[in-house]
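Engineer: Here is what each chain is made of, one letter per residue.
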Amino acid sequence: MLTFTLIFLPLLAATGLFFVKEEKWARNLAFAMALVEFGISIAALVQYFLYCHCHLLFRLDWLASYGISLKFGIDGLSMLMVLLTTFLVPIIIYTTFGQKINRPASFYSLIFLMQAGLMGVFTAFDGMVFYIFWELALIPAYFIAAFWGGKDRIRITFKFFAYTFSGSLLMLVAIIFLYFRTPLPHSFDHIWLYASNLKPDEQIWVFLAFFIAFAIKVPIFPFHTWQPDTYVTAPYPGSMLLGGLMSKMGLFGMIRWMIPITFSVLNTTNGLFIILPVTGIVYASLIAIRQDDLKRLIAYSSIAHLGLVAAGIMVLNAQAMQGAMIQMISHGINIVGLFIIIQYIEARTKTTSISELGGIAIKAPRLAAFFMIILLGSIALPLTNGFVGEFLILLGMFKYNMVFAAVAGLTIIFSALYMLWMYQRVMLGNTNAVTEQVSDLSWKEMIPLIAIVIMVLWIGIFPGMFMKMAENGVGQVIGIIR
Amino acid sequence: MTILIALVPLLPLLGFIILGLGYRGIPKRVAAILGPGTILISFILSLIVLFNFRLSPFAFRFFDWISLGPVSIPFEFLIDSLSILMMLIITGVGFVIHVYSIGYMSHDKGFNRFFAYMNLFIFFMLILVMSANYAVMFIGWEGVGLCSYLLIGFWFKNQQFNNAAKKAFIMNRIGDLGFLLGMFLIFTTFKSFGYQVVFEQAKTMSAGSGTMVAITMLLFIGAVGKSAQIPLYTWLPDAMAGPTPVSALIHAATMVTAGVYMVARSGVLYVLAPVTMEVMGITALATMLMTAAIAIFQNDIKKVLAYSTISQLGYMFLALSVGAFTGAMFHLMTHAFFKALLFLGAGSVIHALEGEQDIRKMGGLKNALPKTYWTFLVGTLAIAGLPPLSGFFSKDEILGNVFGSSLPLWVVAVGVSMMTAFYMFRLLFLTFAGKNRGSDPQSLKIHESPSVMTIPLIILAVLAFFGGFLNIPEIMGGSGMLKEFLAPVFADAVRLNQLQPHHVAARLEWSNMVVVLLLVLLMAYVAYRKTVNRDPGTASRNVLIRLIENKFYVDEVYDYLFVRPALRISDALQKFIEERFIDRIVNGTGTLVVRFSNGIRYLQSGHVGMYLFFMIIGILLILFINIFL
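If you read the protein sequences in the order shown, they are chains A and B. Residues 2 to 483 in this note's numbering are what the first sequence spells out, letter by letter. Residues 223 to 851 in this note's numbering are what the second sequence spells out, letter by letter.
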């Protein structure tokens, strides 16, 4: 029942918020609902560990004649992603406090609609239901960016929508195709889809459809060109939802659907497809070095970091895939932290242009400290969350192919380069006319950052609990591959 | 006992946490007690560990850090004579430098922040040397790099300093990637990261196998970055931008020696890879020569010491490359004493001259700064290798081993010894002897540093003077205490070493010693003649000297070969690939999609509210119909 509640509650909140007219009420209600949702996910976590890692299944027949059922469950993979989502959504809502938002009710409503979509994606065990929630998550993201976004938002968000939507259509075709390859009577249930009978050449087409759909969502080089513009133009909560959560849908989809169904393509193509994300790591890192806009720099760094995660998933071994799961969580937490910091900086200086900033650390030592810790997480310093994931991914990749690991490993050099250079130009040096009046963080502003820093260190120092969940989920996928 | 050992790194961490969280609230006086105090207790605890140590190593684990099926990385410590030696150096020298910093940083606004970073550094450095496996060592390895970054750029208003800090971090990270890959190869070969398991298995492997060479080479790349050897040494001179106590602690006594420690710790692996040993020897030799040459022509008091540090680190690697593990560790220890002393002495001079670092503008400071002068003199004599100071014994141990291994190597090493003597005496004379060449010597109120700074100088001077007695060679009737203490750690490596230096007859050893000593004294005399009461400021027209004065243009070459191309590639990728190629294809396809599906246009019609409302209602209906019907 908890699984059902996790999906149902955000939907309820989304509906309820439509009838709230006053901004203050909408805000408080939204935050309260997000916290309740977080509480439920913690309950689910407790239950998950109590019942020895069993699936928390919820199942309803729906369109049974077509073999579609509302089958949701929580295994280790889902649990991690659900926790990430329910942890980040209240933080994202909290950061909107004190901001002027047009039509707040619709805004918060859309956030919850997106959360419902994410919950469905992360817990669906039926291919068609997965697809429906996948699209459900896209639409609110589009609206948030298109209606509350900044400069040139219509053109940029339309590109974002069209691009990701066409990817999704490919996936839909693949899922339906798979359905007709399942044993009679056909079904969209994940067990049936896993067992579908594909000829080698069909495998490649199904793989490609999945791969492109997921690669666009993550995004993986060279399917990434919608992403930097969208991150920049979207309002901060939108960028956080996109970078922190929506990008994980693609990676999660790879582990849940693409790998179990079409892993043999990866085996027979000898790392051909891994070249793309690995190239992306170097490519996006190099581009990130010269970016002048803070959000755009984070966007490119995200392509590099998630490229490493995708590569880790596709080398098909347990360590790399578990590392990928941990890194998905870490990246989500860190990128939201970084966007919060940038939001605070923009609120104070009215700019996100690196070349206009400087010397903020003099005026705002607390901001500087939080920024530094989250940045260290992002560049994978040991004892921060970024290290655990990257270490395991690179170790797994090393077993698969040493050259790939060495090239992907360049990320530890590049990320230090562009991140520290950015930090130096924004935070260090002397103040200028723009940063002269910057004030330090208030306690209220520090709350979400404290939550994030706790997670950065918790996962970095005691990753055990998170690794157990990842181990359970990944173990099943690896079991299918063997 | 385990609690005591755990407290050794935990106390500095605690100091960091308190100072970091109470950044503004804690008064300077409290910070001045808390910062050095935690290190002092750690030092005392390390001494207790030493006295209770019975020569048999023991390991213990605290918790599983990363553990997944076959990958098990416990957070565990290994206490043996090597780690105890390092713990004592780190906490002992660290404490002295912390005390000195109370005086040196007393006027700085970032006083608390400084001690917070310094404590954090000690924590990571202790983790590095106490770890029982490579992965936990890597925590310390990267952690000290972070602290180095934070402390080089301590005065962060100055972007020049920040550039130096960033450069140090990036160059270290290049090495770290090597370390990381070496670690992975260790794991895939031995199925473990733990020293004991790895070395136990390695012992049974044949020497010179490709895997062993690859492992040791990759680890050596890490050492090259951390210990500033060619080609990754250029960050260390720049790192002098940090406060002088930082240069003494991090960039002379401890962090930069981490590479030496790591290679010594992995001795068993290295002796099984003669190729790597040779590469290490050549790298060390080239580094020693090149940086000693540069040091001769430097005019910044700290830069001379920085290049000297690189050169001395080269000595240690040279020792390692001939299998003289004890010699390397011995020199690491004495170098920690005298180089920390020299840096702190330089700091005292800089403090007295209110920031002046150019030795051409110094001179004649002997009388104004007597304590600084006498201790600096001890440091100079020690590094030059005059008996009976510590540097004499540690250098002699290395030279003896090198002689037994290869005559040409020995000749070059002796040449570097002569250069060392020259640049150090040049530095000493230019700073303290002769007349003052400052811009306006009368108006400068030159005063000796307060005792909170001079007492540490005296302590280090005593150590630099007598430290060598810990390992008096047998031919002088000594017992080689340090050698015996470390023997169990290096036993396997020494036994397996194929390139074992052969034994040198006592008479030959004596005569070598005398020859080296005479050459060193000669250089001291030449330095005296060349510097005292001469004008040092003229630029040379000799091409070779100009080349050396400009540090062989290595920074410029790196800038031309790596930095600028990287930026240019970045721009080119953005302009040509990103915008003109990939995005055009996408947009082209996108236009097709638009034509294909007109329906999408309705999404922009503006009736979002209604649209959404119906969508949610639809979903809810589906759910309800299923539940209630």
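Treat each hint with caution, since some may be false.
[Unchecked claim] Where chain B lies over chain A, by a calculated footprint (3+ residues, C-beta under 8 Å): (1) 19 to 28; (2) 74 to 84; (3) 195 to 204; (4) 284 to 295; (5) 333 to 344; (6) 394 to 404.
[Claimed, not checked] Label pairs and their in silico Cβ distance ranges: (7) A:480 / B:706: 52 to 62 Å; (8) B:377 / A:444: 47 to 57 Å; (9) A:482 / B:798: 49 to 59 Å.
[Unchecked claim] Residues of chain B clear of chain A, computed beta-carbon distances all greater than 10 Å: (10) 252; (11) 278; (12) 289; (13) 392; (14) 395; (15) 407; (16) 430; (17) 680; (18) 811.
Keep in mind the hints are simulated off the structure, nothing from the lab. Even for Gly, the Cβ is constructed at its ideal location relative to N, Cα and C.
Engineer: Would you mind marking each hint as holding or not holding in the structure?
Structural biologist: Hints, one by one, checked against the model:
1. A stretch counts as covered by a chain when three or more of its residues have a beta carbon under 8 Å from one of that chain; for the stretch 19 to 28 of chain A and chain B the count is 1, and the coverage is violated.
2. Check on the stretch 74 to 84 of chain A: 0 of its residues sit with their Cβ under 8 Å from a Cβ of chain B, so the three-residue criterion for coverage is violated.
3. Coverage of the stretch 195 to 204 of chain A by chain B is violated [criterion: at least 3 residues with CB-CB distance below 8 Å; count 0].
4. Residues of the stretch 284 to 295 of chain A with a Cβ under 8 Å from some Cβ of chain B number 5, which satisfies the need for three, so the listed coverage holds.
5. Closer than 8 Å: that is the beta-carbon criterion, and the stretch 333 to 344 of chain A has 0 residues meeting it against chain B, so the requirement of 3 is violated.
6. Counting residues of the stretch 394 to 404 of chain A whose C-beta lies closer than 8 Å to any C-beta of chain B gives 5; at least three are required, and the coverage claim holds.
7. Checked against the hint of 52 to 62 Å, the pair residue 480 of chain A and residue 706 of chain B passes, with Cβ atoms roughly 55 Å apart.
8. A hinted range of 47 to 57 Å for the beta carbons of residue 377 of chain B and residue 444 of chain A is inconsistent with their spacing of about 29 Å.
9. The beta-carbon spacing between residue 482 of chain A and residue 798 of chain B, approximately 39 Å, falls outside the hinted interval of 49 to 59 Å.
10. Distance check for residue 252 of chain B against chain A: the nearest CB is about 18 Å away, which clears 10 Å, and the non-interface claim stands.
11. For residue 278 of chain B, the shortest C-beta to C-beta distance to chain A comes to about 30 Å, beyond the 10 Å cut-off, and the non-interface label holds.
12. For residue 289 of chain B, the non-interface assignment is contradicted: its Cβ lies about 7 Å from the closest Cβ of chain A, within the 10 Å cut-off.
13. The non-interface label for residue 392 of chain B is inconsistent with chain A: the shortest C-beta to C-beta separation is roughly 6 Å, within 10 Å.
14. A beta-carbon of chain A is positioned within 10 Å of the beta-carbon of residue 395 of chain B; the least distance is around 5 Å.
15. In this structure residue 407 of chain B is not separated from chain A by more than 10 Å, as the shortest Cβ-Cβ distance comes to only about 7 Å.
16. A cut-off of 10 Å between C-beta atoms confirms that residue 430 of chain B is not in contact with chain A; the least separation is 20 Å.
17. Listed as a non-interface residue, residue 680 of chain B keeps its Cβ farther than 10 Å from every Cβ of chain A; the least gap is roughly 36 Å.
18. With a least CB separation of 8 Å from chain A, residue 811 of chain B falls inside the 10 Å interface cut-off, contrary to its annotation.
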